[in-house]
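Visitor: Chains F and X, in that order, give the protein sequences. According to my numbering, the first sequence is numbered sequentially starting from 1. According to my numbering, the second sequence is numbered sequentially starting from 1.
It is possible that part of the hints are untrue.
[Claimed, not checked] In silico DMTMM-like cross-links for lysine to aspartate or glutamate, where the CA-CA straight-line distance does not exceed 20 Å:
id, chain 1, residue 1, chain 2, residue 2
1, F, K38, F, D247
2, F, K246, F, D53
3, F, K246, F, E216
4, X, K374, F, D113
5, F, K222, F, E12
6, X, K374, F, D166
7, F, K222, F, D189
8, F, K222, F, E40
9, X, K374, F, D53
10, X, K374, F, D105
11, F, K246, F, E264
12, F, K60, F, E216
Derived from the structure by calculation, the hints contain no laboratory data.
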Amino acid sequence: MDTAVIENPMVECRGVWKLFGGNSAAAMRAILAEGLGKREVRERFGSVVGVADASFSVAKGEIFCIMGLSGSGKSTLVRHINRLIEPTAGDIIVAGRCINRMNADELRRARADTIGMVFQNTALLPHRTVRDNVALGLELRGVGLVERQRIAEEKLDLVGLAGWGDHLPAELSGGMQQRVGLARALAADPDVLLMDEPFSALDPLIRRQLQDQFVELSRVMKKTTLFITHDLDEAMRIGHRIAIMKDGRIVQIGTPEDIVTRPEDDYVARFVEGISRLHLITARSVMRPAAELAATELEALQQCPTADPDADLDALIDLAVQHGDRIAIRDRDGSILGAVSREGLLRSIQGAHA
Amino acid sequence: MNASVHKLAPSLPDDAAPQDTLLHGLDDFCGTSAGYYRRQFAAIARRRLPLTFNPAAFVGGCLWAAGRALWSLFWLGLALDTLGLALIGAGATGGEPQRLWAGALVLLGGRLTLAALGDHALWRLFCAWRGNARLAHGFEPRRVQYGVALALLTVPMTVYRFAASEPPALLASFPADDTLARGAAAAINAATQWMTTSFAPFFDAVTVSVRLVLDSLETVFTGMPWPVATLILLLLSWRAGGLRFVAFGAVALAYLGLFGFWEKAMSTISLVAASVFICVLFGVPLGVLSAKNRRFDAVLTPVLDIMQTMPSFVYLLPAIAFFSIGKPPAVLATVVFAMPPVIRLTALGLQQVPSTVIEAMNAFGATRMQLLLKAELPLAATSIMTGINQSIMMSLSMVVIAALIGGGGLGYDVLFALQQMETGLGVLSGLAIVVCAMLLDRITRRPEKRSRA
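Excised from the complex, chain X in its bound form:
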């Protein structure tokens, strides 16, 4: 048609032959109005039509989109139509003309949007359909019927809800059944009660073993003279990241010491260490199982989701019921929150072991245990260490909550500041937790690769 087109797309001159290959099967695809779409698509393919206006889409709105099987456009159109009608309804009954105008504007805007997007959306569907002829295409009255049914289900009720001066309660709020929730809560209470009494020996045993781990760690951390602890922590920083980390470690430890947080920081670190120890003890084997066994993984995944998203206050109550107040339930509540990353990253690490390495191990006659210990776990080590690192960070973020049920340590200071409205103390002890977190994070990073000549 004009020269510029020829310059831009020399391979697509304006004659019919290349159009035939480009728009091959268009008649089958369109069903109706093939002539219109032949022109539009040819223009779109040449990027000559940034803005299109599809009259059918403007008139038919979401029902046109339904008939053409453009379901995203259908929902967009339906939502805008409903909004517009609801505004008009509210304006008409409430006597507010500006709402009426706004509604009309939304209606018009919605139709214009559909008219503008229609051809492009259909072009995309056409391109996809050419690769997969089983995709829905053409204009089908049956789909229009579905569209009408969906519109009838949503539009009248919504418009009525906003237009009616006093909408019926049934439409305004979900008809809740109070007895259902109360009954379920009571059942959970009873179950907790029953478990507390029936499994008392078990819970006691857990409490005792957790306390054993915690006490020995706490003895080590708080009992150690501070110069010794400082030396060890600085050496660990040096191993992990050289002098830069040592400098940071020195500043961090000086802060903890000079501001009087030393003892509490050590207590917090031993609580974190105890919970991370338990996380690794159970998390790594669970991660191995979930990597090896698809069914176990399917069961474990939702459990892990619950552990990570369930607000921790919710399980603090049963934790107290089962393990009473003190440090052991604080450790266990922390474990619930901090174990998922160890499990997930262990499983991920094992899944990422190259299949060729596994094949080679098998070809050399490895048993399953040898495969795990000599190839899979070493190759997953980086991933597992990341999981442990994450577990430490998440344990520290639970310190304040753990203090609520007697976890003590730095969390207690934050809690105390909160109760006494002491902003200064709150900021200082909060910073102490941050400092602990950064210190532990640096120490547990993978040591830098051994350099070789």
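Chain F on its own, in the form it takes in the complex:
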């Protein structure tokens, strides 16, 4: 299922099962011994399968998206990482420690220090100011007032809400409230961020804006993130890798490019049908590297329009149409990494649709 071998994963799930209701212990034994299907489990033991045999690992600093429709078990799965839900079987390892074997005190400390969470409905405390909401985790840990307010202010600044600390959550828009939720999760400086459909309830424009902000933020802060979404576009936009879930099972794990170009089964294939590949192939993979270019060509490139190495085909086409047939690909510091010609661009579009 998961082909990538990750050394020292930050988060790892090994054969996680969750059955709800009925005689779940007996149902679990029967599943492992006889390999019962979903329907048989419900008929014989009255249990509903929430998560079935989920295994994956997430590298440090990675954004790992879990994508699925409602009822596919993605929210249930992610709640196992901080044990808001107890697994029926399987192990969950976060930062090298087995979450499901911790006692209540260790678990509380792990939740407070290691794992931050952002909720779809924000779940802010309505009677507290934005600043006190952000400082909540620190307050629960016993950090002093001055220190936690300083950190809260810092995190509010980070999510672009400086100066809003004294307001109540109800006075903020939905997008701002969600950023308060993110600041709250970041305040304890956790190693792992769990994001449960954080942007799903927002309108498309704000959602896009927050997605970009989040990608930027996570690039800087290098948090390991498990990001749940029901929106494949969102998963493609922000995930380094994506796990696609259906009926409690992970059907495929891979990079956005993997998922689009090599769907594991019909379900995934139907999902990615509508996804434009133009956004998944980047300038880096279609440019001629600077090393292969002659000095005169490099000279000529100085006058050409420029693009980021991470710019996708779509952006390159725009540039080519508006400004001419050669595009210089420059690093953040401005040095030229390579060039994309009109011919190369057309060829790669052809390849993208093949």
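Starting from the known structure of chain F, arrange chain X on it as the hints suggest.
Guide: Chain X only, in chain F's frame:
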């Protein structure tokens, strides 16, 4: 059949195909007489039959309803039949022909009602049955037998009770056993006696602590010079509701002062304050427990029902036995009556805390105590304040009863007026209690939300 139907229900023309989907499974449902019901139901579904007449229901009456598993109709029919027969019986034996006629009318009316309701009731059952095929349906002789058995148990005895010129005592009144009640009452007396002597130190301790609370409150309220008290009460009104409340407070306090109720009002307010203090002290923790623990809640709920519905005179007697006459037993009797709303509304407030907030608190590593103090109680605050407000109102309604065992204050004036048949004094002191209640109600409402720019 006619054009108007087509206009009203174009999707349901009169041919057989849509009827089949509409009345799908009708044969299974009806068992017998499916043809009749096919016509009736088709008409009812098109709203073409406001009034129906079911001959089987008219003839069979409640037994038809039993056979069709329409049990509400069965009981209605049985009651009307019994009433009719009892009237006829009484008329026949008592020689009063108008009763005979009335009985016959009731019988006929009952059958007509059943005949008119029968098809509609069965249509409803049919609709429910299509969603849940396990519902009783068809016409079952077994159910008719049950109906006959129930009718035999009720009708003959009732008719006999009214028809017989001298009904036997066994039918007219429940055979009571006097010794049972007397024995139980004596046992309760003995238990009270025993508790009074055995737990005397405990009751004394309670009396002393209640008196301590009450005395300190009373010293504050009655000892305070009236201008100071007025100022404080008006400031509290202003905080709760601005100038409008201040105006009301000024009128209320002027009434209490000018009509000479000031001292007694302060005494009553301190009694109320003491009992509400005790209510909150015990009520909020009990409410938290009952919200968190289902079993505790199951035990507490009937206790609270008893506390609220048991006539207070009943527990005044043991209160006197345990705590003797005076203000402490008056406070405790008030507490019994006024504590349930604090408990109930605290529990309700905690149950209404969104589960997402609780989940978030847990996700950030909150202990149970932190969850309670930092999220649950603050979010339940509005509900708890409503409970306290209710508790105050109920305490004030107990003031007169408390005066019976030495509570004093405004209640004493009402009681005095009652004994001396002084209507004027009664109305004035009653109004003083009302004024106190309204004043305290306004003060303890949640202050209006802080407005923000």
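Visitor: Each hint: holds or not?
Guide: Hint check:
With a C-alpha separation of about 9 Å, the suggested pairing of K38 of chain F with D247 of chain F holds against the 20 Å cut-off. Simply put, K246 of chain F and D53 of chain F have alpha-carbon atoms about 12 Å apart, close enough for the 20 Å limit, and the pair holds. Proposed proximity of K246 of chain F and E216 of chain F is contradicted: the alpha carbons are some 30 Å apart, above 20 Å. This hinted pair checks out: K374 of chain X and D113 of chain F have alpha carbons roughly 19 Å apart, not beyond 20 Å.
For the suggested pair K222 of chain F and E12 of chain F, the alpha carbons sit about 18 Å apart, so the restraint of at most 20 Å is met. A threshold of 20 Å between alpha carbons decides the hint, and for K374 of chain X with D166 of chain F the separation of about 18 Å falls inside it, so the pair holds. For the hint pairing K222 of chain F with D189 of chain F, the CA-to-CA distance comes to about 11 Å; that is within 20 Å, so the pair holds. Among the hinted pairs, K222 of chain F with E40 of chain F is inconsistent with the structure: their alpha-carbon atoms are about 44 Å apart, more than 20 Å.
The hinted pair formed by K374 of chain X and D53 of chain F fails the criterion: a straight-line CA distance of about 37 Å is larger than 20 Å. Only pairs whose Cα atoms come within 20 Å are accepted, and K374 of chain X paired with D105 of chain F is accepted, the gap being roughly 19 Å. Note on K246 of chain F and E264 of chain F: the hinted pairing holds, with a Cα-Cα distance of about 13 Å set against a maximum of 20 Å. Proposed proximity of K60 of chain F and E216 of chain F is supported: the alpha carbons are some 16 Å apart, at most 20 Å.
Hint violations for this structure: numbers 3, 8, 9, all remaining hints satisfied.
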